[in-house]
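S.K.: Given next are the chains, with one letter for each unit.
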Amino acid sequence: MLPYLKGRFANPSSAHRLGRVARAGLDRAREQVAALVQVHPTEVIFTSGGTEANNLALAGVLAAEPRPGRLLVSAIEHPSVLEPARRWTRQGWQLDYLPVDGQGRAKLDTLPADVRLISLMLANNETGVIQPVAELAEAARAQGCILHTDAVQAAGKIPVSFAATGARLISLSAHKLYGPKGVGALIVDKALDLLPAQLGGGQERGRRSGTENLPGIVGFGMAAELALAGMEQQARTQLELRRRLEQGLQALPAVTVFGQQAERLPNTVQLSVPGIDGEALLLQLDKAGFAVSSGSACASGKQEPSHVLQAMGVDETTARGAIRISLGKATTATEIDRLLTTLGQLSAWVVKTSGAVAW
Amino acid sequence: MSLKLPVYLDYSATTPVDPRVAEKICDCLTLEGHFGNPASRSHPYGWDAEKLVEDARANVASLVNADPKEIVWTSGATESDNLAIKGAAHFYRKKGKHIVTVKTEHKAVLDTCRQLEREGYEVTYLDPEANGLLDLDKFTTALRDDTILASVMHVNNEIGVIQDIAALGEICRARDVILHVDAAQSAGKVEIDLQNMKVDLMSFSAHKIYGPKGAGALYVRRKPRIRLEAQMHGGGHERGLRSGTLATHQIVGMGEAFRIAREEMAAENERITALRDRLLNGLKDMEEVYINGDQDQRIPGNLNISFNFVEGESLIMALKDIAVSSGSACTSASLEPSYVLRALGRNDELAHSSIRFTLGRFTTEEEIDYTIKLVREKVTKLRELSPLWEMYQEGIDLESVKWAAH
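Chains as they are written, first to last, in the working numbering: chain D, 1 to 359; chain W, 1 to 406.
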């Protein structure tokens, strides 16, 4: 990113030589992101992040429809899919929710007829559970409806592509794969005519106007390239650490790991420790030197229990006890062990002080 | 000669990030820095990032004498313009569906207005006077009972002229019309006092004032309270007005850029005015050159000149050792003459043969002198090759010539 915060600062749309240097950086980054998801560079639309990509996916398809119809989203989508979906009902769209089973996997038994657009995330940000997007794609294709998948958490951890998912729209976010915040992409099948949301200078082939965030985009490109190269290795390493963590958790009285039986991202464990409120647990963990979260950062500070866990049929008390541990490139076995020790101490303290019987 | 070529005189297209800003940005990127998600409530990484974001918000508010609570972070002025115009138009649609704007606005405003027209709104696109400025009486006359919103940019990106937004604010407030001002090219260059100017919505861009690209803000007045329909939905960030994880490093960069601008604006304007006038003086005695836009109501760094009898594309190519533009950067891809210059009444040829020179923080006297020499040389040479120039020198009135079709 640094050269683009220094000498290569020109506007990529400028016709002069400095503009062309900037444009070259933009083109290269586009190729790198395209390579991560195995698409043609023209199918990459850079946005300001995952939220914008999700909003654009819905708006870009729904606004182009002559008449409102049916929209289907899973009950466990990120707010950046759920909220825009709800807004579209104001325009007359019928919104249905795809339910999930107790393990947090979308249930595909019956699709409502007449759906125009389906949105099913590739991996859930809270539980890490990987969704049956490719299966759904078959049904979607049979019905002639468009499938969007929010791959914000999945990209860089598991393979993501049109081929792997069957989706025609894929959302990505740079800061979930060691890139900078403030930049993402919507990957759009070239046969799909997307209506732009943000209007102006015509950048991104008219699909997303605004001077390109070149340092951010260049950072995204590099992050994508590194993620692609290191994906297998990282997945193996993190899966090992995750298993180490889960094994250690088994020693604690009745800890629930959500979606334990489902296929999950290698780095995510969302769990509940009986008898201790999630927020309280977070604060204790913070005091002990661990930075984790309850639901997602986007839901931080909200009083309601996670909509994801609710959709999985988790009772409110257990849901309120939930914390999410997500590992990364820098995580070590020592850190896992220390966390387990701390969790053990906290859990023992709860049983001791409250006299609660852990079941 | 120590000059680095090409000489950069395209500051209105974008500016290099100030080294002080770059440093602050870098501090927020890696594991050792302030990389946390500002919305993370549960740990110091989040709290720390949040504090930096709020400090930056105060810096942006301070430059324009606004309350930090009135600053909403966006990904840039294009987004701010879209949010302001669509957001206000949609929210207040029951009050009316008429919007007033100016033909010389940036595409981010014009295209958004066109979109609203497709949705059933009516838009009046006013003509500026020949100097690029809006006639206040004409503006007032355009306001109707069902007008809900007016959008007028503070400083035009092509010709650098400064609109009297304080006066426009008075007119709009008296008529209960919301005033949106695109201040992308003015913040940090012209004094803005939102306590005293009755502007309701104002768009800001970081990369026009030595901050990073991909960062902007929208001022949304609280007294009286202006409401908007959000355009990006999700986690409810920015009080629900603009969802999306806040990019700490971008915001910190913008805050720092605005802080520096507040401190250095006066001195910088003096320096840049002198350089711009030096450039103007070096060129104005040439024959058939026309300054586009009012010369007094103009930001220090802008000089937009048409060189008659010189073909536009050839001129740009001949001037490849200076980085300038003809037409705004956002529309450089198309070969149409600048719609801004056409709105001033310039004909196609003059519009095509215009050059926008925009100076900035790192422009030197040496660069200006080099530019003067280069421009004079190239324009002279190109005119020698121009049959139209020959005819003009022979005293032929080109308007009266009947051109044969090929």
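In short, the hints are calculated from the structure, not lab data.
Think of the CB as a built atom: it goes at the ideal place given N, C-alpha and C, for glycine as much as any other residue.
Certain hints may be false.
What the hints assert, rightly or not - Taking CB as the label site, the calculated pair distances span:
no.	chain 1	residue 1	chain 2	residue 2	range
1	W	Gln295	D	Arg90	27 to 37 Å
2	D	Asp277	W	Lys51	24 to 34 Å
3	W	Gly33	D	Gly230	47 to 57 Å
4	W	Lys51	D	Ala134	38 to 48 Å
5	D	Pro3	W	Glu263	22 to 32 Å
6	W	Asp277	D	Arg205	37 to 47 Å
7	W	Arg222	D	Ala134	43 to 53 Å
S.K.: None of the hints should be skipped; say for each whether it holds.
M.R.: For each hint, the structure was consulted:
1. Gln295(W) x Arg90(D): 27 to 37 Å: violated, 50 Å
2. Asp277(D) x Lys51(W): 24 to 34 Å: Cβ of Asp277(D) to Cβ of Lys51(W): about 26 Å, so the range 24 to 34 Å holds.
3. Gly33(W) x Gly230(D): 47 to 57 Å: violated, 22 Å
4. Lys51(W) x Ala134(D): 38 to 48 Å: holds, 43 Å
5. Pro3(D) x Glu263(W): 22 to 32 Å: holds, 28 Å
6. Asp277(W) x Arg205(D): 37 to 47 Å: Holds, at about 41 Å.
7. Arg222(W) x Ala134(D): 43 to 53 Å: holds, 49 Å
The structure shown violates the earlier hints numbered 1 and 3.
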